[in-house]
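Starting from the known structure of chain G, fit chain F onto it as the hints suggest.
Protein chains: 2
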Amino acid sequence: MTYCLGILLERGLLLASDSRTNAGVDQIATVSKLSVFATPGERLMTILSAGNLATTQAVISALRQAYGTGETHRDIATSTSLFDAAQKIGDCLRDVLAREASFVHPYGDPSASFLLGGQILGEERRLFQIYSAGNFMEASERTPFLQIGETKYGKPILDRLLRFDTSLEEAAKLTLLSFDATMRSNLSVGAPIDLLLYENGSLEARRMRSFDEGDPYLAGLRQGYAAGLTTLVEALPLPDM
Amino acid sequence: MTYCLGILLERGLLLASDSRTNAGVDQIATVSKLSVFATPGERLMTILSAGNLATTQAVISALRQAYGTGETHRDIATSTSLFDAAQKIGDCLRDVLAREASFVHPYGDPSASFLLGGQILGEERRLFQIYSAGNFMEASERTPFLQIGETKYGKPILDRLLRFDTSLEEAAKLTLLSFDATMRSNLSVGAPIDLLLYENGSLEARRMRSFDEGDPYLAGLRQGYAAGLTTLVEALPLPDM
Numbered sequence: 001m002t003y004c005l006g007i008l009l010e011r012g013l014l015l016a017s018d019s020r021t022n023a024g025v026d027q028i029a030t031v032s033k034l035s036v037f038a039t040p041g042e043r044l045m046t047i048l049s050a051g052n053l054a055t056t057q058a059v060i061s062a063l064r065q066a067y068g069t070g071e072t073h074r075d076i077a078t079s080t081s082l083f084d085a086a087q088k089i090g091d092c093l094r095d096v097l098a099r100e101a102s103f104v105h106p107y108g109d110p111s112a113s114f115l116l117g118g119q120i121l122g123e124e125r126r127l128f129q130i131y132s133a134g135n136f137m138e139a140s141e142r143t144p145f146l147q148i149g150e151t152k153y154g155k156p157i158l159d160r161l162l163r164f165d166t167s168l169e170e171a172a173k174l175t176l177l178s179f180d181a182t183m184r185s186n187l188s189v190g191a192p193i194d195l196l197l198y199e200n201g202s203l204e205a206r207r208m209r210s211f212d213e214g215d216p217y218l219a220g221l222r223q224g225y226a227a228g229l230t231t232l233v234e235a236l237p238l239p240d241m
Numbered sequence: 001m002t003y004c005l006g007i008l009l010e011r012g013l014l015l016a017s018d019s020r021t022n023a024g025v026d027q028i029a030t031v032s033k034l035s036v037f038a039t040p041g042e043r044l045m046t047i048l049s050a051g052n053l054a055t056t057q058a059v060i061s062a063l064r065q066a067y068g069t070g071e072t073h074r075d076i077a078t079s080t081s082l083f084d085a086a087q088k089i090g091d092c093l094r095d096v097l098a099r100e101a102s103f104v105h106p107y108g109d110p111s112a113s114f115l116l117g118g119q120i121l122g123e124e125r126r127l128f129q130i131y132s133a134g135n136f137m138e139a140s141e142r143t144p145f146l147q148i149g150e151t152k153y154g155k156p157i158l159d160r161l162l163r164f165d166t167s168l169e170e171a172a173k174l175t176l177l178s179f180d181a182t183m184r185s186n187l188s189v190g191a192p193i194d195l196l197l198y199e200n201g202s203l204e205a206r207r208m209r210s211f212d213e214g215d216p217y218l219a220g221l222r223q224g225y226a227a228g229l230t231t232l233v234e235a236l237p238l239p240d241m
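For the protein sequence lines, the chains are G and F, in the order given. Under the working numbering, the first residue of the first sequence carries the number 1, and numbering increases by one thereafter. Under the working numbering, the first residue of the second sequence carries the number 1, and numbering increases by one thereafter.
Here chain G stands alone, though its shape is the one from the complex:
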């Protein structure tokens, strides 16, 4: 399983993913699900992947190979908007599935989905979710975060505390708490957590960090949250019944 999260913020974007992949309980590995495509000063695009690993890797590899070649249908280095890039990624996913799906179906689900966040010079930063069908939708101020994979365990804390005007750093803290809730409840989501903070207009990936299982900040955050939550709930009144 996978958990990926993209957040559209007033001051930029946040993109995060876990790193666990498994094909059964005895086959657990770590892969990066966060891919950066950048031409500094001109464009920064980050793709988060969920679903069948062969499918997501085929899509990312095809996009990587085409990057900067000028290939009309695949090269997201030539997209003049993030909307156009999302369309190319959706088309690429459709191509991969057209080739692979019938062979993979007898063994499992070949489908995949993506989050695309970034900025291209001349536009604001934008955030898209690309569905298994290859179509896509965009995040807005009213729906500032998008999730793919194991989305539910980590949603309540975002629903409660995340706002469009939350700072990038506060959003990073909330993201790590959202991932912690998910990893506690679903063992197939696991560290390291890859996290990218993107500041409006910077057009490059300056602030990126990987939080592994033993990361001191992550450990302190988990401990502080657990202790604080215990104290908070204990202090709330009991129902009369």
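Rather than coming from a laboratory, the hints here were simulated on the basis of the structure. There's no promise every hint is true.
What the hints assert, rightly or not - Here are a few chain F residues that sit away from chain G, every Cβ distance over 12 Å (derived from the structure):
#1 E10
#2 A29
#3 T30
#4 V36
#5 A58
#6 S81
#7 R99
#8 E138
#9 S140
#10 L203
#11 E204
As the list claims (entries may be wrong) - Chain G regions said to be covered by chain F (calculated; three or more residues, Cβ under 8 Å):
#12 163-172
#13 215-226
Unchecked claim - Computed beta-carbon distance windows for the label pairs:
#14 R99(F) - R99(G): 42 to 48 Å
#15 S167(F) - P40(G): 54 to 60 Å
#16 G201(F) - M241(G): 14 to 20 Å
#17 S32(G) - D240(F): 19 to 25 Å
#18 E42(G) - H105(F): 52 to 58 Å
#19 L187(G) - A219(F): 34 to 40 Å
#20 H105(F) - D95(G): 30 to 36 Å
#21 R142(F) - G214(G): 23 to 29 Å
On a predicted model such as this, the values are computed, not experimentally measured, just so you know. Cβ coordinates follow ideal geometry from the N, Cα and C atoms, glycine included.
Chain F only, in chain G's frame:
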């Protein structure tokens, strides 16, 4: 959608359900999903229902009609253990599905599942989950809570704070917070929340309460939790990145 929760506690049991049922966004109604079958001083059995409403109502009605009649296969008033009662409920579900499933399939999913909690004189209190297949499993000290329906949003707070030796009243508070998280994230789960606290050996349903949307305790709990969580998370350090 539905959210039902059963908790096996050192001092008894907790059983809770929401009350929303819907067949599409324009058809939302309120039904009770918590059914009590009791012979005070001898047995208390509570059934929580999730899934197709026609199926769950057919099962509960058949059990209700048979209660105390001595009918061998259906009467859970004659079960000498909660295990036997769970088996009768599973069999009853199989009978209903054998009759209905082929007709319902073209229109939707006929399946249903149940939680059964209670105590029969001569046994400890016990808690079972009855699957759509009619088979079932029992909660234990190591797995003290069972959920059916929309289970994920409300799980993290239970994973963090609920223990086997939690008091009934503290468990009730945690349950309402778990339901609140679920109702905030999934609009098809809704109040009133029916809640039953069962004390070991009492063999009757003394402590039962319904919390509707405007319930002052529930409103205060929500507000106190939201405010406390905001303060708690704000006080946690920011990541260095």
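For H105(F) and D95(G), compare the CB-CB distance with the range 30 to 36 Å and indicate the outcome.
holds (35 Å)
With respect to the beta-carbon atoms only, verify the hint that L187(G) and A219(F) lie 34 to 40 Å apart.
Since L187(G) and A219(F) have Cβ atoms about 36 Å apart, the given range 34 to 40 Å holds.
How does the stretch 215-226 of chain G fare against chain F when you require at least three residues with a CB closer than 8 Å, holds or violated?
holds (count 6)
Assessment of proposed distance window 19 to 25 Å (beta carbons of S32(G), D240(F)):
Since the Cβ atoms of S32(G) and D240(F) sit about 21 Å apart, the hinted range of 19 to 25 Å holds.
Minimum C-beta separation from R99(F) to chain G exceeding 12 Å: can you confirm that?
holds (33 Å)
Verify that the Cβ of E10(F) lies farther than 12 Å from every Cβ atom of chain G, and report whether the claim holds or is violated.
holds (17 Å)
Say whether it holds or is violated: S81(F) keeps its Cβ farther than 12 Å from all Cβ of chain G.
Given a closest Cβ separation of 28 Å, the condition holds.
Could one say that the CB atoms of S167(F) and P40(G) fall in the range 54 to 60 Å?
Holds, at about 58 Å.
Is the distance from the Cβ of R99(F) to the Cβ of R99(G) consistent with 42 to 48 Å?
holds (45 Å)
Is the Cβ of E138(F) farther than 12 Å from every Cβ of chain G?
Its Cβ never comes within 12 Å of chain G, the nearest being 21 Å, so this holds.
Return holds or violated for the Cβ distance of R142(F) and G214(G) against the range 23 to 29 Å.
Once the Cβ atoms are compared, 27 Å apart, the range 23 to 29 Å for G214(G) and R142(F) holds.
Can we confirm that no CB of chain G comes within 12 Å of the CB of V36(F)?
holds (15 Å)
In terms of the numbered hints stated before, the structure departs from none.
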